[in-house]
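K.L.:
Using the working numbering, you'd call the opening residue of the sequence shown number 10 and step up by one each time.
Source of the hints: derived by calculation from the structure; they are not laboratory data. Positions of the beta carbon are idealized from the N, C-alpha and C atoms, including for glycine. Check the hints yourself; a few may be wrong.
[Unchecked claim] So the derived label-pair ranges between C-beta atoms look like this:
1) A24 / W50: 39 to 47 Å
2) P34 / A63: 28 to 36 Å
3) A60 / R36: 34 to 42 Å
4) R47 / V68: 46 to 54 Å
5) A54 / L87: 32 to 40 Å
6) R51 / A78: 41 to 49 Å
7) D11 / W53: 54 to 62 Å
8) E16 / L55: 41 to 49 Å
9) S61 / P89: 29 to 37 Å
10) R19 / R45: 40 to 48 Å
11) A70 / R45: 35 to 43 Å
12) A77 / T42: 50 to 58 Å
13) E74 / V44: 25 to 33 Å
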Amino acid sequence: MDHKEREVVRLLARAARPRVPAGLPERARAYGTRVRRRERWRRWALWLLLASGAVAFGVWAYAVEPWAAPPMRTTPPLEPW
Numbered sequence: 010m011d012h013k014e015r016e017v018v019r020l021l022a023r024a025a026r027p028r029v030p031a032g033l034p035e036r037a038r039a040y041g042t043r044v045r046r047r048e049r050w051r052r053w054a055l056w057l058l059l060a061s062g063a064v065a066f067g068v069w070a071y072a073v074e075p076w077a078a079p080p081m082r083t084t085p086p087l088e089p090w
């Protein structure tokens with residue numbers, strides 16, 4: 010190592026390191042658990058919404074039959090006569 014690198018290493022070794030507050034790991038774990046639980050419920054609600062939308066679309070399609078041709082409003086012309 011050259012002189013500058015040794016000086017940087019020495020300064021970093023002497024630097025004061027902040028102390029970790031008491032109870033920080035427990036609070037971090039509790040926060041992570043809450044976030045994970047909230048995310049699980051959100052995912053469950055979105056799947057439920059998607060499934061209910063699919064069921065509602067299926068019921069609507071069964072009742073309305075949008076693929077069927079609409080009934081004719083007038084009688085067809087009688088040209089072969």
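K.L.:
Against this structure, judge whether each hint is valid.
P.N.:
Each hint, compared with the structure:
At roughly 44 Å, the beta-carbon separation of A24 and W50 lies within the given 39 to 47 Å, and the hint holds. About 43 Å separates the C-beta atoms of P34 and A63, a value inconsistent with the hinted range of 28 to 36 Å. Checking the proposed 34 to 42 Å range against A60 and R36 shows it holds: the Cβ atoms sit about 36 Å from each other. Our hint of 46 to 54 Å for R47 and V68 is violated, since their Cβ atoms are close to 32 Å apart.
Our hint of 32 to 40 Å for A54 and L87 is violated, since their Cβ atoms are close to 59 Å apart. The given range of 41 to 49 Å is respected by R51 and A78, whose C-beta atoms sit roughly 43 Å from each other. For D11 paired with W53, a C-beta distance near 59 Å keeps the hint of 54 to 62 Å intact. Taken as a hint, the range 41 to 49 Å is violated for the pair E16 and L55, whose Cβ atoms sit roughly 56 Å apart.
At roughly 52 Å, the beta carbons of S61 and P89 sit outside the given window of 29 to 37 Å. Between R19 and R45, the C-beta spacing of about 43 Å keeps the proposed range 40 to 48 Å intact. For the hinted restraint 35 to 43 Å between A70 and R45, the CB-CB distance of approximately 38 Å keeps it satisfied. Range check, A77 to T42: Cβ separation about 53 Å, and the 50 to 58 Å hint holds.
Checking the proposed 25 to 33 Å range against E74 and V44 shows it is violated: the Cβ atoms sit about 46 Å from each other.
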